[in-house]
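Join the two chains into one complex using the hints; note that each chain is given alone, in its own frame.
Going down the list, the protein sequences come from chains A and B.
If you use numbering that gives the first Met the number 0, the first sequence corresponds to residues 0 to 254, in order.
If you use numbering that gives the first Met the number 0, the second sequence corresponds to residues 0 to 232, in order.
None of these hints come from the bench; they were simulated from the model.
Treat the numbers as computed from the prediction; the structure is a model and nothing was measured.
Some clues are possibly wrong.
Going by beta-carbon spacing under 7 Å, a handful of chain A positions derived as facing chain B [said to hold, decoys possible]:
hint, residue
1, Pro4
2, Pro55
3, Glu57
4, Leu66
5, Val70
6, Pro115
7, Leu229
8, Ile230
Straight-line Cα separation of at most 35 Å, DSBU-like style, residue types lysine-lysine; simulated pairs [said to hold, decoys possible]:
hint, chain 1, residue 1, chain 2, residue 2
9, B, Lys146, A, Lys28
10, B, Lys121, B, Lys218
11, A, Lys215, B, Lys16
12, A, Lys223, B, Lys16
13, B, Lys216, A, Lys112
14, B, Lys218, B, Lys162
15, A, Lys28, A, Lys99
16, B, Lys146, A, Lys68
17, A, Lys220, A, Lys99
18, A, Lys192, B, Lys218
19, A, Lys220, A, Lys112
20, B, Lys146, A, Lys223
21, A, Lys192, A, Lys12
22, A, Lys112, A, Lys28
Stretches of chain B that chain A covers, calculated by requiring three or more beta carbons in the stretch to come under 8 Å of a beta carbon on chain A [said to hold, decoys possible]:
hint, region
23, 21-27
24, 31-38
25, 98-109
Beta carbons are placed, not taken as given, at the ideal position from N, Cα and C, and that holds for glycine.
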Amino acid sequence: MSEKPEHFIVDGKRLDGRSVDELRPIKIKLSPLDRADGSCYLEWGRNKIMAAVYGPRELHPRHRQNLTKAVVQYRYNMAAFSVDDRIRPGHSRRSIEISKVGRDAFEYVVFTKFFPKTAVDIFIEVLQADAGTRTAGINAASLALADAGIPMRGLVSACAVGKVDGEIVLDLMKEEDNFGEADVPIAMTAGGKITHLQMDGNLTRDEFYEALKLAKIGCDKVYKLQRQALIERYSKEYAENGGDATTRPEGDADE
Amino acid sequence: MERNIVIPGDVVSDNVKMSGSGTYVHGDEVRASVYGLLNIGERYISVIPLAGKYIPHASDRVIGIITEVVYSNWIVDINSPYEGLLHISQYPRRIDSENMSRYLKVGDSILTMVASVDAGMKVELTLREQELRVLSNGRIVTINPTKMPRVIGRSGSMIRLLKSEIGCNMFVGQNGRIWINGCDDCVDLAIQTIRYIEDNAHRPGLTERVQAFLKAKEKTRYGKVHESRNDEE
Numbered sequence: 000m001s002e003k004p005e006h007f008i009v010d011g012k013r014l015d016g017r018s019v020d021e022l023r024p025i026k027i028k029l030s031p032l033d034r035a036d037g038s039c040y041l042e043w044g045r046n047k048i049m050a051a052v053y054g055p056r057e058l059h060p061r062h063r064q065n066l067t068k069a070v071v072q073y074r075y076n077m078a079a080f081s082v083d084d085r086i087r088p089g090h091s092r093r094s095i096e097i098s099k100v101g102r103d104a105f106e107y108v109v110f111t112k113f114f115p116k117t118a119v120d121i122f123i124e125v126l127q128a129d130a131g132t133r134t135a136g137i138n139a140a141s142l143a144l145a146d147a148g149i150p151m152r153g154l155v156s157a158c159a160v161g162k163v164d165g166e167i168v169l170d171l172m173k174e175e176d177n178f179g180e181a182d183v184p185i186a187m188t189a190g191g192k193i194t195h196l197q198m199d200g201n202l203t204r205d206e207f208y209e210a211l212k213l214a215k216i217g218c219d220k221v222y223k224l225q226r227q228a229l230i231e232r233y234s235k236e237y238a239e240n241g242g243d244a245t246t247r248p249e250g251d252a253d254e
Numbered sequence: 000m001e002r003n004i005v006i007p008g009d010v011v012s013d014n015v016k017m018s019g020s021g022t023y024v025h026g027d028e029v030r031a032s033v034y035g036l037l038n039i040g041e042r043y044i045s046v047i048p049l050a051g052k053y054i055p056h057a058s059d060r061v062i063g064i065i066t067e068v069v070y071s072n073w074i075v076d077i078n079s080p081y082e083g084l085l086h087i088s089q090y091p092r093r094i095d096s097e098n099m100s101r102y103l104k105v106g107d108s109i110l111t112m113v114a115s116v117d118a119g120m121k122v123e124l125t126l127r128e129q130e131l132r133v134l135s136n137g138r139i140v141t142i143n144p145t146k147m148p149r150v151i152g153r154s155g156s157m158i159r160l161l162k163s164e165i166g167c168n169m170f171v172g173q174n175g176r177i178w179i180n181g182c183d184d185c186v187d188l189a190i191q192t193i194r195y196i197e198d199n200a201h202r203p204g205l206t207e208r209v210q211a212f213l214k215a216k217e218k219t220r221y222g223k224v225h226e227s228r229n230d231e232e
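Extracted from the complex, chain B is given alone in its bound form (with noise of 0.2 Å):
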């Protein structure tokens, strides 16, 4: 699906109904406010940006890194301009403050959920629901946010394209971070192809052109299975 590429300034509609995000309203025209490609909606018409910061709403599940252990509660960075705080009772079970860094120290990673954020942008993190936990093992990349729904693709048709081919497991966090478990090589294939994906996120068909890399990259993979078979002989 092709798009047009649109500048801040341009006029996108004369329905200020039509107005979405990424851009505004001036008298009775809606024009964009981000650089980036024009997405005409059935209800709405945004713009779908080609760089930008993640700034956190509640309820999105995030990958966030533990930079500051403070009186009940931990300060968590979670690649945006404002700090997460996880807040002593939205651990799991219930621990004693003075026992916080043997639960969570600095620099452990989390996938964690935005619990709330309010008009000051203090950002409340939470691990008290399913799937969310503290991320042990496996390795986290960091993608431009941007990117990140070209990653998950449409209703996770990518992300799960991805994981079968690979066979790995994988979790993208809304703010661009992704987490990969599985055996060396698939988590370095995956890196690959995540930055494949983002460096093509503009472009159209990007799942056609995905497999046609994985697809590329497994002829390798296999010649070199192949010639570590022959040296064992």
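Pulled out of the complex, with its shape left as it was, chain A reads as follows (with noise of 0.2 Å):
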């Protein structure tokens, strides 16, 4: 692991060159897997999410199953890989939690009454993890399962927010998760109700008020990124072969 820096904030930059209310890079790629009903790639920083739903569907064992509305199950892997030191593969104490709030993430925002008895699956693995996979997860799954069709009140964006060196800074990356003062991951719709909201580490009230200011401008250029994911995927196709009628791969009209 690495050493603690000195500083963490020198000449209003942070250790990766950010300012304090700047987000890594996020990259987001609609449906890669074709055997999921809905799933998404996100790349944040340096964290590689792969987040797949299947649903509704139904549940077993049966006497999980709900009578009047569907059951999200949510669960939140880190690969062996995704981080230096190997981790064993499997449930931990950790993803056991993640898993947990991940779940009640959603929960609220899923019209689960449209499907009773079934379930709605949502996996999340970890490829790479670099600070932030909990939020980094939510967000990836929020946009699978629109890619899914799943009826919801709106998309969730989250964010991480933390303090280092007495400051309250946004999206939290690795160094300053391990030595910061405070990680205060958060999840939102885009109307500003919060799904989801952990705190590590000590704020004062102040701190925390700023804090949550801080990522409710965090979430919502998440937002405007997943937003645009979603449209674009369809737009793109349009522009793509929009007014040819027969281009298609395997086509064979050639004469």
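This is how it looks when you write it as structure tokens:
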């Protein structure tokens, strides 16, 4: 593990050159998986996340079915190779906790009452981790749910805020997460309803409200990117072969 | 007809009475609940989803496959999160419960209708309606149920086009399963065309596209017939 740096912020710039209210670069690819009902691959800085959604589908074992609504199941898992030291595959105390809060982040948003007795399964695989994987996972899951055509109140966008060198900063990177003073991952809908909030470390009340304000700005930025990804996916297809009816990869129309 | 893409949470109208399928009312606004194409009708605004599962409704005509024979019921896979139940009394003729699998066995396909769906999502099927029957020939392809309306077309225009141009018999189930019967080549072409429709379902002017697609295919089809004739000579 890397050493604790002496200063996190020098001349208003952070270790990776970002300002205090800047997100790491985000890249989104929709539907990379054919077999899943909806999927999303998301890169956030050096985080690499694959999200898959199945359902609504029959829920087994039967006694877990809810007669009035769908059950949302969320599985967060880190690949053994996702961090420097190999982590033991399978569920850990940490992944069980993240799966639980991830599920809670979506239960409010998904219209579960439309699909009684079924399950909506969300799988998050962290392929490469670099701080903020639970928020990145929530963002990817939100897109995968939309891609699967599941009715929702709205997308969920998430980002973390924290405190390093006594300052409130947006979207912690690994060093800031490991050695910083506080880490607050927050998820909210576009309307600002918070569906997920955790806090690790200490913040005063004023600092907390400042952090919340910054998180809102961060989530709005993430939401714009999510929205753009969903809209562009189909408009790009329009542009590529909008006018031509006969183009199809395996088309054998040539004489 | 160009339609806008909307995502869940988008405000699509401020007239609560216009809320149609794929939308929900939040305060005094109508918002989209699914990711899809916005469809502004005269009385309702709805969102046509781009993906999703088939949810059964009464009087839907669907194509099912028998998965299990239990006491006086057949359990039928209807390509949905919910399984269908076909009671022995809903078979067109009276049969003895001991001989059930003589008439319908596991793996058989049926063209059936949803008789009722209760609050607990128990789906009851029937074969006691006109044109409902056991499917003993032909092929079945499955497409995304949300694309099914495009295969049928406006008041059946697309399906008529397919039937007349390709020359095969076809039935499109509400659950995304399509039964096709005809000569092998016809069915192959029909499946290719259906896949083409599925891939291009969100684009405007689909009927013209399909016509062009079939015309292009026709050339190669007749080309092949020509070749085989030459071979005979």
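Handout entry: Contradicted hints - numbers only
Key = 1, 5, 10, 13, 18, 25
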